[in-house]
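Please arrange chain H on chain C, whose structure you already have, making use of the hints.
Protein chains in written order, with the numbering used here: chain C, 1 to 299; chain H, 300 to 799.
The hints are simulated quantities; they were obtained by calculation from the structure and are not laboratory data. Some hints here could point you the wrong way.
[Said to hold, decoys possible] Label pairs and their in silico Cβ distance ranges:
1. Asp-716(H) - Val-95(C): 29 to 37 Å
2. Val-273(C) - Gln-449(H): 29 to 37 Å
3. Asp-716(H) - Leu-99(C): 52 to 60 Å
4. Ala-396(H) - Val-116(C): 34 to 42 Å
None of the values given here were measured: they were computed from a predicted structure. Virtual Cβ for every residue (Gly too), placed ideally from N, Cα, C.
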Amino acid sequence: MTDFVQILVSGLTVGSVIALVAFGYNLVFASTRIVNFAQGSMLVVAGYIAFAVARAGVPIWGAFAISVLASLGVGVLVEVVAIKPLGRFDPSTNVGWILTTFGVALIAVDIIKKTVGAEARRLPPLADSIFGWKVAKISGVAVTVPDVLLVVSALLIVVGLELLQTRTALGRAFRAVAEDRQTAGLMGINTELMVMITFALAGALAAIGAVLIAPRLFVKLDLGVNLGIQAFIAAVLGGLGSTRGAIVGGYIIGFTTAIVSTITSEGGSWGPVIVFVVFLLVLVVRPAGIFGSPAVEKV
Amino acid sequence: MNPEQGRDFIERQVNKDISRRHFIQWAGKAGIGSAAAMSLSGAVLAACGSGGGSKKIAGATGDTLKVGVIAPFSGIGAFIGTVTTNSLSAAVQELNARGGILGRKIALVNRDTGIDPANGVKAYNELAGDPNIVGILWCGGLGFEQTQEQFARDKLPVMAVFNDAWSDKRLYPDDQQQRSVFQFLIPTRMAMDTLAQYAANDRGYKTAALINDVVIDPRTENQGFFNASLAKVGMKSVGYESYQLGNSDFGPALQRLKGARPDMLAIFGLSGDTANFVIQIDQLGSAYIDTPTAKDPSKGWHPHIFGSPGGTGDHSWADLAKDSAKPGTITAWHVGGLVYLPEFAIAGWMKKYLDKLPTGGEESPADGLYTLLKGVEKAGTTDRTRLVQAIETQGPLRFASSTYSFTADRHVSKTPDDMIIVTLERKSGPAATTPPYQLGHEWSTEFARYPAGPTQLVRPTLDANKRSQPDVMKTVITQGWGTQCTKNPDGTLSKECKIH
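The following block holds chain C by itself, in its conformation from the complex (with noise of 0.2 Å):
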């Protein structure tokens, strides 16, 4: 039984991290078609934001909110200094965006390196106790409030993205950019802004995935790249562009990783050897992934 609670346990908060994560990887590609491979440094700087705001004195919802509003404006400037310079381009054919994403990634965190510091940092819960509940032992498991905030926080960020992409203007115009920017662009769609507000929202996604993950992670310099390669797998494992696909892929990877660990002392070896494998086998099967969409070449 304690070992069933802890694969449980395990799998969705270690799941519902790297979901957090691909988030924001999946929300640039379902309105672009490019894998903003800066999410992960935005990620860190959303963090930092916090971590600095929060030292100044102000409490951890209200540091929360400012790195939320912050992140949105950071989301903007890497779309205008990574993708904007490209001008008119098709992602499929054009791969500048690997080289120019990559690149705003590295000088972020090494602005964070040169002006805050290195060292990793601590941020308090935005909630360490619910009418005085902390802790809770269930078979010898412990379950903390700031994990149950975490896992419920990606679901219902799940939700929220999913009503987003399918029940608002914004959301179709989302889609209608990704599958012709031309078209959309005839249609009256403003597309430059399309993508600008894409931008945005993944910034606020990641402020908000940084504070959420960092009372099991903290802020630090290299959760973009270790975070951020788990959370590229989950997105494409689960479907590039699919907000159901990155948590499902995040909770493959979560749970593929708990319970090798449960089952060997050499989980630190072999959890990643497995979840490749994982990936794998469903990349054969699903080569779009489980939600992805193959894409058709019309003729």
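Leaving out everything else, chain H in the frame of chain C:
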């Protein structure tokens, strides 16, 4: 001491940079740099001015002696490069102010490894191909392990400042091909021996388990080192758990360890993961309390946490873990790394030439440079074979911090007698124990303004440290640095005083 100096003081106690140089060393083993492909590499030539009046050194040309420096000046390990730059800049200015070596000024040729091991290999080959380079300081840059065949081929003196070849027997005389390599970094195996001796002999623990980061120890050598260290002191290993750098969940590992119930739990990883681990063990209700509780099965499982120099030896783990970082947590260090001690020169040089204070680790690059140059002075030539022999036979040296030496059969500067134990304390004072213990005088002066910090445990390694560094230890005892433990009427330190 002003607040800034005070802050620096406490940071130097914990020597935060050791974690960084360990990371780079370990990252080199893992080869993770090439995978990330994030290097912003760039070569930098930092040459000093030349002077006249030099004496004849066979093989040397011009008015300068050129030394190659390979370090991560960019990328995630750039802070290692900063430590290296500050250390060597101060040391070079000091040496040149003294007139240089045999009348020649010292010039450094820096090469950046970024986070790609291939850069290290390339940098070495370039520097080794320059006949004017008398030797190389390898300061944590990646590619060290991948260049060992070239070391054997070229026989160019290499000072392994922040790289560990001794632990897995890749240093002379274990590896006969590596005679030109000399190590300054605390070997992991030596640190584990020190920790195991303290666990068994001082605390009386019988069982232990290891949590190991396999990204920074990809060949999982630490498990073998740990088991060997335990075996030497009659302790038994009851668990081994591996994890990956940046791990967010230790739940399954903790469930297994709880079943195995080791008295002592060692975590060998970086500070962030160490903090995450102690937070999760605290949430599980198994945080460390004190030694009697750790040894008493009837009181539940509350293991004594021991960590690596780069984990619990880095002050940031306590900052991150806050209340989950418990007083009494242990790590191993070395006497010469206590750079705050007034008789260690590097701090004064950095203040004098750079108007900076050391953050920790600066003693090693400077000592590496000095070793190489004194070798040239003794040999009177830059002939590589004769230079290596001169380094082996030049006897004890003292430059940036404590005294050290190399011999023909010992190419590592640290000895077991140099090792010390460091623990975590809080400004609230000593943890309640029976009998009570005393903190060193720093806790009533400089440390009082900080919530938590480390302190050196003097008594457990005092006899060994006196053999190795008698003058330094005399100052430590006289001044009351570190946790001294209760003094007996005859002036000796009570063994029973420190039990938390």
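Each hint, compared with the structure:
For the pair Asp-716(H) and Val-95(C), the beta carbons lie near 59 Å from each other, so the given range of 29 to 37 Å is not met. Val-273(C) and Gln-449(H) have their C-beta atoms about 32 Å apart, which keeps the hinted 29 to 37 Å range intact. About 53 Å separates the C-beta atoms of Asp-716(H) and Leu-99(C), a value consistent with the hinted range of 52 to 60 Å. A hinted range of 34 to 42 Å holds for the C-beta pair Ala-396(H) and Val-116(C), which are about 35 Å apart.
Violated hint for the displayed structure: number 1, the only one.
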